[in-house]
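Chains as they are written, first to last, in my numbering: chain A, 1 to 104; chain B, 1 to 104.
Treat the hints as calculated values from the structure; they're not laboratory data.
Just so we're clear, the structure is a prediction, and the values are computed from it rather than from any experiment.
Keep in mind that a hint or two might mislead.
A pair counts as met if it fits within one copy or between any two copies, since identical chains are not told apart.
Unchecked claim - Simulated crosslink set (SDA-like; lysine to any residue; CA at most 20 Å straight-line):
| hint | residue 1 | residue 2 |
| --- | --- | --- |
| 1 | Lys33 | Glu79 |
| 2 | Lys35 | Ile62 |
| 3 | Lys42 | Asp90 |
| 4 | Lys43 | Asp96 |
| 5 | Lys42 | Gly28 |
| 6 | Lys42 | Thr31 |
| 7 | Lys43 | Val13 |
| 8 | Lys76 | Val57 |
| 9 | Lys33 | Val57 |
Number of protein chains: 2
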Amino acid sequence: MSNSDNSSELNDVISHNVYFEGKVQSLGLETLKGKATVGVMKKGTYTFSASSPEEMVIVSGIMHVKLPGDSYKEYKSQENFHVAAGTSFDIICDDDVAYICYYG
Amino acid sequence: MSNSDNSSELNDVISHNVYFEGKVQSLGLETLKGKATVGVMKKGTYTFSASSPEEMVIVSGIMHVKLPGDSYKEYKSQENFHVAAGTSFDIICDDDVAYICYYG
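Just chain A, same shape as in the assembly (with noise of 0.2 Å):
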C-alpha cells in the first residue's frame, strides 16, 4: 500500500520490536485473546524465551520448532504451538516466516 510515512517520532503508536540484528521484527496490537505481535523472521536459526504463555500462529512460511524436551517439529500457515511461561524454545527458519504470537 502506498502513503509511507517515515517521520521515525510518530511510530510510537504501534510498538516495533527488533530481535537478532534486525533479522526478526515485530508490531505490537491488541486483539481480543489479549496482547500479540505480528512479525517476520528471516532465514536463520533463534532461541527465544518466553517470560508470559504464548500461542504462535503460523501466517506465511515454514516454521521449524524445537520445544523444551521436545525435538524439532514442523509448523506451517494457520498451523500454531503453545509455549509455557519462563521456558525457552528454537526456531530454524529455511525463508521468511510471518507469524502471530498471543501472549499475555
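Please build the complex by placing chain B on the supplied structure of chain A, with the hints as guidance.
For chain B alone, coordinates are given in the frame of chain A:
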C-alpha cells in the same frame, strides 16, 4: 518474546513501513505467493491506493472495507479481499487489526 534490540541501523534486513502518522505499520517479507507485508492498523479510517493487484487477508480483528463501486463490507480473521491495480479503497477499523497483504 524477549531479546529486544533497538539498534536502528540494523533494521534494514526487514523493511518497516509507517503510514498515517504511525497508525498503520507493516513489515515486508517474501512468500510463495510473492512479496507481502504483515501489518497492524489502529482504530481509524484510512484510504489506500494499490499500485499493483493486492490480496489482503485478515489475521486478527475486524476490518470494514469499501472497494470501488461497492458498499462497506466486514472482513474477519482468515477472510480476504482483492484490490485491483490502480484503484483506491477505504478501510475502517474499530479496534486493532492485523493483516497480511500479498502484492507483486
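To see whether the hints hold, each was checked on the structure:
no. : hint          : in the structure
1   : Lys33 - Glu79 : both (17 Å within a copy, 18 Å between copies)
2   : Lys35 - Ile62 : between (23 Å within a copy, 16 Å between copies)
3   : Lys42 - Asp90 : within (14 Å within a copy, 31 Å between copies)
4   : Lys43 - Asp96 : within (6 Å within a copy, 28 Å between copies)
5   : Lys42 - Gly28 : both (18 Å within a copy, 10 Å between copies)
6   : Lys42 - Thr31 : between (25 Å within a copy, 11 Å between copies)
7   : Lys43 - Val13 : between (28 Å within a copy, 11 Å between copies)
8   : Lys76 - Val57 : both (9 Å within a copy, 16 Å between copies)
9   : Lys33 - Val57 : both (13 Å within a copy, 19 Å between copies)
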